[in-house]
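Chains as they are written, first to last, in this note's numbering: chain A, 1 to 326; chain B, 1 to 503.
Everything labelled a hint here was simulated from the structure, so no lab data went into it.
Note that this is a predicted model, so its numbers are computed, not measured.
All C-beta atoms in this analysis are idealised placements derived from N, C-alpha and C, irrespective of residue type, glycine included.
Mixed in with the good hints there might be a few duds.
Straight-line alpha carbon distances no greater than 20 angstroms define the calculated SDA-like cross-link-like pairs of lysine to any residue that follow [claimed, not checked]:
1) K115(B) - A289(A)
2) K496(B) - R9(A)
3) K496(B) - W321(A)
4) K496(B) - Y41(A)
5) K496(B) - R54(A)
6) K89(B) - N51(A)
Here are the in silico distance ranges between beta carbons for each label pair [stated by the list, open to error]:
7) G17(B) - L131(A): 24 to 32 angstroms
8) W24(A) - D61(B): 21 to 29 angstroms
9) V305(A) - F24(B): 47 to 55 angstroms
10) F393(B) - V305(A): 40 to 48 angstroms
11) L196(A) - G315(B): 46 to 54 angstroms
12) W34(A) - A80(B): 27 to 35 angstroms
13) V22(B) - T317(A): 43 to 51 angstroms
14) F55(A) - D61(B): 41 to 49 angstroms
15) A69(A) - T276(B): 55 to 63 angstroms
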Amino acid sequence: MVDRASQLRSSSSWVAGMAFTSPWLLGLVALFAWPFAASLYWSFCTFDIINPPRFVGVENYQRLAAEIASGRGAGKALMNTVYYALLSVPLSVVLGVLLAVVLSAQVRGQAFFRTIIFLPSVIPVVASSVLWIWMLDPDGGLMNLILGWFGVPPQNWLNQARPAVSIEGVAQIGGWLTGGPLLLMGSKDALVLMTLWGVGNFVVIYLAAISDIPATLYEAADIDGASGVRKLLHVTVPMLSPVIFFNLVMGLIRSVQTFTSIYVLSAGTGQPGESLMTVSLRLFTSAFADFEMGYASAIAWVMFVGLMFCTVLLFRTSKSWVHYRQ
Amino acid sequence: MKIISRKFVFSGGWVLGCAVVVFFLFQSYRHADRSDAAAAKGREEVVFWHFWGGEDRTIVDGIVDRFNDSQHQYFVRAIAMPGNNLQAKLFLAVAGGDPPDIVNQDDPVLADWAKRGVIQPLKNVAAAAEVDQVKQSLLAPARRLSVVDGALFAVCNGLDIRTLLYNQTAIDAAGLAVPQTIAQLDAIAEHFWPSVTDGPPPRLHSPVGYLPDSRRLWAWGPAFGADFYDPQTKQCKLDSAPVLAALKWMVGYSRRYGADNLASFGQGDQSLPGQTFPLLPVDDDAVVGRYVVIMDGQWRVRDVAAFQKRRADLGLPEVKFGACPLPVPTGGSEFNGRDANGQPQPQPQSQSQSPGRKDAGWVNGNFFVVPTGAKCPRGAWEFAKFWIGQSAFSDAESAADGYAQGGWIPVTREVAESATYRQYVTENPLMETFVRLASSPHQYPIPVVVGAALLKRAVENMTYDAMIKNNADDTDDKAIAALLKQRSAEVIRRLKVMQELTF
């Protein structure tokens with residue numbers, strides 16, 4: 001009798017538990033699990049929303065592989081995304097840490113400076129992107145005006161496909177040093193600049209982590225006669241490494257998923273010269289402009305697997321450079 | 001402990017806030033109720049999706065009101081949608097079984113929509129004779145924009161024509177001719193910004209005579225004699241001698257003035273604050289703007305008129321503007337840079353173009369379509385006919401009213417020649433060239449084929465690569481031909497796959 005009563009109690013608590021979690025579970029199944037599975041199936045189909053999906057095997061993946069191999073279409077999008085991620089993520093980390101270190105100094109107006117740095121993060125992406133289009137206008141934009149004060153020639157920014165970090169970019173610098181024009185910064189560099197402007201989110205996390213570093217470590221370093229730079233490199237950065245690692249992973253995922261700003265900057269076209277055609281925009285145009293849902297699903301899956309691979313790789317390498325406090 | 005104090009609950013600000021919310025809710029309810037009541041007078045509702053905003057939206061609402069007042073059977077409810085992703089919304093609405101009755105669009109999507117079954121052929125909506133009558137009434141470019149494989153799937157209701165708009169005052173002062181040939185256009189470009197004979201071209205500044213836009217091979221191709229589509233074989237033709245000639249000519253500008261200059265000195269984002277139509281001088285004491293000649297559409301006539309009115313109001317001297325069809329190559333006389341002594345060099349005879357095609361160019365336009373599953377397709381058809389002046393409820397004169405108000409180009413000869421529209425053209429003489437070109441048989445849209453949007457992007461990307469990305473200074477003619485051949489083969493192959501998958 002006791003066992004039966006216990007069974008009943010346990011079964012009714014299971015039902016109650018399920019009833020309470022069912023809204024979330026329903027959401028999970030309808031909005032996550034089902035689309036996840038459907039997109040995997042669609043990636044092997046040709047599908048345009050209107051007509052039923054038609055199974056075409058690995059054709060979408062073959063097309064994707066061919067485009068990546070030729071460097072055109074999705075291949076071009078992948079190269080653009082890699083360029084953006086490789087530049088924006090490390091620069092965000094470096095700038096974020098440096099700003100956090102500076103902002104953690106006990107100076108007058110500390111709260112004001114922290115607010116200034118964080119403010120861009122609360123501006124809606126669409127609004128800030130439109131603002132940046134204005135500021136980066138090659139003909140009369142604020143950015144070129146500021147560069148002009150320092151003797152730097154006006155840049156083409158969003159009108160130029162060629163990126164700064166490239167062989168042609170190096171050639172530009174060489175030519176400039178010998179009296180030629182300097183047109184270095186292109187559309188992808190403008191995008192990186194915009195990302196760095198919104199680094200305040202990361203800074204807040206670094207600031208919290210810095211305040212958590214035991215003062216005794218700095219005192220010990222002072223007794224050992226360590227300079228400010230040494231304390232930064234041998235105390236602050238190692239103690240921040242778990243947070244840096246977190247921001248690195250999140251920054252990588254965010255950089256690959258960046259869409260809104262690119263959509264606004266290029267009016268959804270990825271122009272000029274497809275220089276802003278990133279993987280996420282390519283996915284979007286394939287799905288909602290060309291109605292190739294199958295191909296878009298294949299892009300999404302390759303993007304997902306690629307991100308998983310990079311994240312796992314980061315986790316593996318983290319053992320050698322991330323220091324967790326014992 | 002009281003979480004909310006009595007003082008707070010009854011504070012004046014709180015009560016005022018509630019009153020404001022209630023006021024707005026009441027106002028919006030009143031507004032909604034009014035339009036609902038209008039539709040409920042036993043009429044069939046026609047849901048109309050469009051993307052017009054600003055001044056145009058008022059004119060569109062006026063046409064809708066006139067249609068609703070003209071008869072008692074249908075009531076059109078206009079819904080302004082954001083232009084971006086209208087296509088995605090329509091697909092989802094059709095798939096979900098609740099599409100609008102009529103949609104207006106201007107992207108090159110007609111064949112895709114038709115072949116995928118998103119829209120219905122108009123012979124399903126009205127009698128064959130009636131459909132044929134409307135089809136025959138359309139001007140040739142409008143018909144091209146409305147037909148898929150010979151069947152009328154859309155009713156084009158306005159044409160977008162590109163001409164060369166020019167600053168007559170500046171051209172006259174320079175002693176140059178209005179460009180009728182490519183050589184004359186090149187001469188204008190050279191006069192206002194002579195190309196350098198050696199060294200990198202300096203950064204351009206105003207005024208520039210003319211610079212081609214990499215998106216406009218669609219316009220220059222027909223002017224050089226190209227057909228991008230063969231209606232007999234139903235195939236796109238990109239890799240042809242006239243297209244190559246047009247492309248080489250455009251790349252020639254990159255060579256002379258520098259690819260980076262072309263990139264940076266493009267038309268710019270005219271939606272930015274302080275930016276104006278680059279043909280118009282910004283300063284009151286200037287008579288030349290950013291360009292002396294520029295390719296653009298009829299919507300600029302409004303900008304020019306507003307500019308001239310402002311100058312007249314300020315008592316400033318008049319600046320004259322004109323519009324002309326795209327000039328054509330005459331064969332062998334085109335400018336090809338300067339020699340070491342600074343003397344102009346013509347194209348080598350071996351590379352000269354065949355004579356081009358007059359009054360040719362790229363046409364685009366707005367068109368009405370009736371989605372599959374529309375609940376009131378007949379009402380949609382009547383509204384489309386009303387708009388273009390082919391309805392029993394309207395005549396050419398009343399339809400011309402809307403076209404004149406919007407500065408739009410009519411799609412039928414009757415409306416274009418109506419007294420109301422002629423009056424508008426007389427008051428806005430720049431429109432004359434646009435209206436004349438609208439009846440030219442040589443105005444071609446982007447081919448109405450499955451994958452047209454992809455085709456458009458591919459051609460524009462290829463032209464950009466040829467003109468700007470591949471650093472035109474180093475790009476020889478063979479490389480341009482190879483690029484055209486390669487990209488053409490790629491896109492044609494992709495279009496074939498898309499067509500096979502769509503069927």
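> W24(A) and D61(B), beta-carbon distance inside 21 to 29 angstroms?
Replying inline: The hinted range 21 to 29 angstroms is violated for W24(A) and D61(B), with Cβ atoms some 45 angstroms apart.
> Do the beta carbons of F393(B) and V305(A) sit within 40 to 48 angstroms of each other?
Replying inline: violated, 59 angstroms
> Given the hinted pair K496(B) and W321(A), is their alpha-carbon gap at most 20 angstroms?
Replying inline: violated, 52 angstroms
> Taking only the CA atoms, is the gap from K115(B) to A289(A) under or equal to 20 angstroms?
Replying inline: OK: K115(B) and A289(A) at ~15 angstroms, within 20 angstroms.
> Does R9(A) lie within 20 angstroms of K496(B) when you go C-alpha to C-alpha?
Replying inline: Cα-Cα ~65 angstroms, so violated.
>> Range first: 41 to 49 angstroms. Now tell me if the beta carbons of F55(A) and D61(B) are that far apart.
In response: holds, 47 angstroms
>> Verify the CB-CB distance for W34(A) and A80(B) against the hinted window 27 to 35 angstroms.
In response: Since W34(A) and A80(B) have Cβ atoms about 33 angstroms apart, the given range 27 to 35 angstroms holds.
> CA of K496(B) to CA of R54(A), is that 20 angstroms or under?
Replying inline: Given pair K496(B), R54(A) holds - Cα atoms ~17 angstroms apart, limit 20 angstroms.
> Is it true that the C-beta distance of V22(B) to T317(A) lies inside 43 to 51 angstroms, as the hint says?
Replying inline: Violated: the Cβ-Cβ distance is about 60 angstroms, outside 43 to 51 angstroms.
>> Verify the CB-CB distance for L196(A) and G315(B) against the hinted window 46 to 54 angstroms.
In response: holds, 50 angstroms
> Within 47 to 55 angstroms or not, the Cβ separation of V305(A) and F24(B)?
Replying inline: holds, 49 angstroms
> Has the given pair, K496(B) with Y41(A), been kept, meaning a C-alpha gap of at most 20 angstroms?
Replying inline: Not OK: K496(B) and Y41(A) at ~24 angstroms, beyond 20 angstroms, violated.
Of the numbered hints stated above, those contradicted by the structure are hints 2, 3, 4, 8, 10, 13, 15, listed in ascending order.
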